[in-house]
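Visitor: Take a look at the letters that make up each chain.
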Amino acid sequence: MRLEVDRERCVGAGMCVLTAPAVFDQDEQDGRVRLLEPEPAEAIEVADAVRLCPAAAITAVG
Amino acid sequence: MTKSVPHLAALPTERPPGCPFDPPAELAPLRDEHPLVRMTFPDGHEGWLAMGHTLVRSVIADPRFSARQELNHSPLPGDAAMVVPPPAPPGMFIKMDDAEHARYRKLLTGKFTVRRMRLLTERVEQVTADHLDAMERQGSSVDLVNAFARPIPALVICELLGVPYEDHEFFQRNVAPLNEPNSSLDEQMAAINVLGEYLYQLIVAKRAEPTDDILGELTTTELTDEELTSIAFLLLGAGLDTTANMLALGTFALLQHPDQLAGLREDPELVEDAIEELLRYLTITHTGMRTALEDVELAGQLIKAGETVALSAMAANRDPLKFPDPDRLDIHRRAAGHLAFGHGVHQCLGQQLARVQMKVAFTGLLARFPGLRLAVPAEEVPLRTSSDIYGVYALPVTWE
Chain A
4 MRLEVDRERC VGAGMCVLTA PAVFDQDEQD GRVRLLEPEP AEAIEVADAV
54 RLCPAAAITA VG
Chain P
64 MTKSVPHLAA LPTERPPGCP FDPPAELAPL RDEHPLVRMT FPDGHEGWLA
114 MGHTLVRSVI ADPRFSARQE LNHSPLPGDA AMVVPPPAPP GMFIKMDDAE
164 HARYRKLLTG KFTVRRMRLL TERVEQVTAD HLDAMERQGS SVDLVNAFAR
214 PIPALVICEL LGVPYEDHEF FQRNVAPLNE PNSSLDEQMA AINVLGEYLY
264 QLIVAKRAEP TDDILGELTT TELTDEELTS IAFLLLGAGL DTTANMLALG
314 TFALLQHPDQ LAGLREDPEL VEDAIEELLR YLTITHTGMR TALEDVELAG
364 QLIKAGETVA LSAMAANRDP LKFPDPDRLD IHRRAAGHLA FGHGVHQCLG
414 QQLARVQMKV AFTGLLARFP GLRLAVPAEE VPLRTSSDIY GVYALPVTWE
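Protein chains in written order, with this note's numbering: chain A, 4 to 65; chain P, 64 to 463.
Check the hints yourself; a few may be wrong.
Unchecked claim - Listed below are the simulated DMTMM-like cross-link pairs for lysine to aspartate or glutamate, each with C-alpha atoms no more than 20 Å apart in a straight line: (1) Lys385(P) - Asp51(A); (2) Lys422(P) - Glu339(P); (3) Lys169(P) - Glu31(A); (4) Lys169(P) - Asp28(A); (5) Lys367(P) - Asp196(P); (6) Lys169(P) - Asp288(P); (7) Lys169(P) - Asp9(A); (8) Lys385(P) - Glu48(A); (9) Lys169(P) - Glu339(P); (10) Lys422(P) - Glu332(P); (11) Lys169(P) - Glu48(A); (12) Lys169(P) - Glu11(A); (13) Lys385(P) - Glu332(P); (14) Lys169(P) - Asp30(A); (15) Lys422(P) - Glu360(P); (16) Lys422(P) - Glu185(P); (17) Lys66(P) - Glu96(P); (18) Lys367(P) - Glu188(P); (19) Lys422(P) - Asp95(P); (20) Lys169(P) - Glu280(P); (21) Lys422(P) - Asp196(P).
Claimed, not checked - So, partial list: chain P residues that the calculated Cβ filter (under 8 Å) puts toward chain A: (22) Val100; (23) Ala124; (24) Met145; (25) Pro149; (26) Arg178.
Said to hold, decoys possible - Computed footprint of chain P on chain A; a stretch qualifies when at least three of its residues, placed anywhere within it, have a C-beta under 8 Å from a C-beta of chain P: (27) 18-25; (28) 35-46.
Derived from the structure by calculation, the hints contain no laboratory data.
Where is the CB? At the ideal position from N, CA and C, for every residue including glycine.
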């Protein structure tokens, strides 16, 4: 799967890092999402991270 | 399109007798039939109550609904619900909408990341161990609220923000009326003024001589003293009374569910799942609200601009459509997706700090006292039934 993140929408809650730490990180300065792995293998954690994002800042595209 | 729905004369707040962890009994059957009902608010406003998980989650995150203080009618009874509040003062960002809210939140998110909060683990372990040592020295029985649940998060948030911990009794005392709808408006205003003045002086001092802590760092940003005072107020208030209630009420819930407690003792690795489940099951910040900025069609009803929707997070977190067998505390379930920290752009900024503290504190408490149990019958534990933040006022425990 391929992921896109919208750093403008991100509110830095950290749900993605908590849920799928191999795929997402938070910027040291502003706490907003950094994509470590834009094309991760299908995994329940990644789907959860997309779903749990409070600001709908993560999209799975195909 | 509008089908008829029940009309509540007030928000149900009475917990079922003998079931201190359950939402008011009226909510479940109502939610299962009608996720959204009409409700009269304490000030006479005719608004709505949302209870279904999908619905509550979508309203909290919908920009057509506002968090602005002056637009929202409080669903919780009390003096403060009877007046129209003024707009939030500069910096009081939880009562604002984007873009105003986002400007403040973006200055803070880097300070509460998962990584930064986990770096506090060692310090939280030390603070927890100190308090467990003190409990042991006191004998074989203590009030867990005073000895453990309140001081640990208080000390941690004070150190993190750079607020002198010696003053914590002063702000605990003044934060208390703000979360108690039963306190008078005068008491609440007095508490706001005295806390505000204290924090303002602290900010002025930090600006003159910056310190290595969150408030000190924030004095080097674009924020004014007035904005920073409000932010300090929010962060301190949120840090004092939330995790403390989760620790005390969470321990009470585990003690009342011996099978779950045994499961956690057997496999301490389950602690993170157990915490998410306790967050869901207890939902201490039980009721939120948003007001429609425009007419919105929702669950077959028309919400008119200006109408407030009360959001029952506790009913949503017990919605069987989201969580099977929702009234069972089950530390083995996947409780992710609960709304205990909210959802949308206002989702709790301090949630990763809360998780670190709960993980360390629950783990430490259970490891230190294998024989931990209530020192009084469960029905004698005083409950914060009227508070915005649910919990217990005291939790007498013993371990011998």
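Visitor: Look at each hint and say if it fits the structure.
Guide: Results for each hint:
no.	hint	verdict
1	Lys385(P) - Asp51(A)	holds (14 Å)
2	Lys422(P) - Glu339(P)	holds (10 Å)
3	Lys169(P) - Glu31(A)	holds (13 Å)
4	Lys169(P) - Asp28(A)	holds (16 Å)
5	Lys367(P) - Asp196(P)	violated (56 Å)
6	Lys169(P) - Asp288(P)	holds (18 Å)
7	Lys169(P) - Asp9(A)	holds (14 Å)
8	Lys385(P) - Glu48(A)	holds (18 Å)
9	Lys169(P) - Glu339(P)	violated (26 Å)
10	Lys422(P) - Glu332(P)	holds (10 Å)
11	Lys169(P) - Glu48(A)	violated (26 Å)
12	Lys169(P) - Glu11(A)	holds (10 Å)
13	Lys385(P) - Glu332(P)	violated (25 Å)
14	Lys169(P) - Asp30(A)	holds (12 Å)
15	Lys422(P) - Glu360(P)	violated (41 Å)
16	Lys422(P) - Glu185(P)	holds (12 Å)
17	Lys66(P) - Glu96(P)	holds (12 Å)
18	Lys367(P) - Glu188(P)	violated (50 Å)
19	Lys422(P) - Asp95(P)	violated (33 Å)
20	Lys169(P) - Glu280(P)	holds (14 Å)
21	Lys422(P) - Asp196(P)	holds (18 Å)
22	Val100	violated (26 Å)
23	Ala124	holds (7 Å)
24	Met145	violated (32 Å)
25	Pro149	violated (26 Å)
26	Arg178	holds (7 Å)
27	18-25	holds (count 5)
28	35-46	violated (count 1)
Checked against the numbered hints above, the structure violates hints 5, 9, 11, 13, 15, 18, 19, 22, 24, 25 and 28; every other hint is satisfied.
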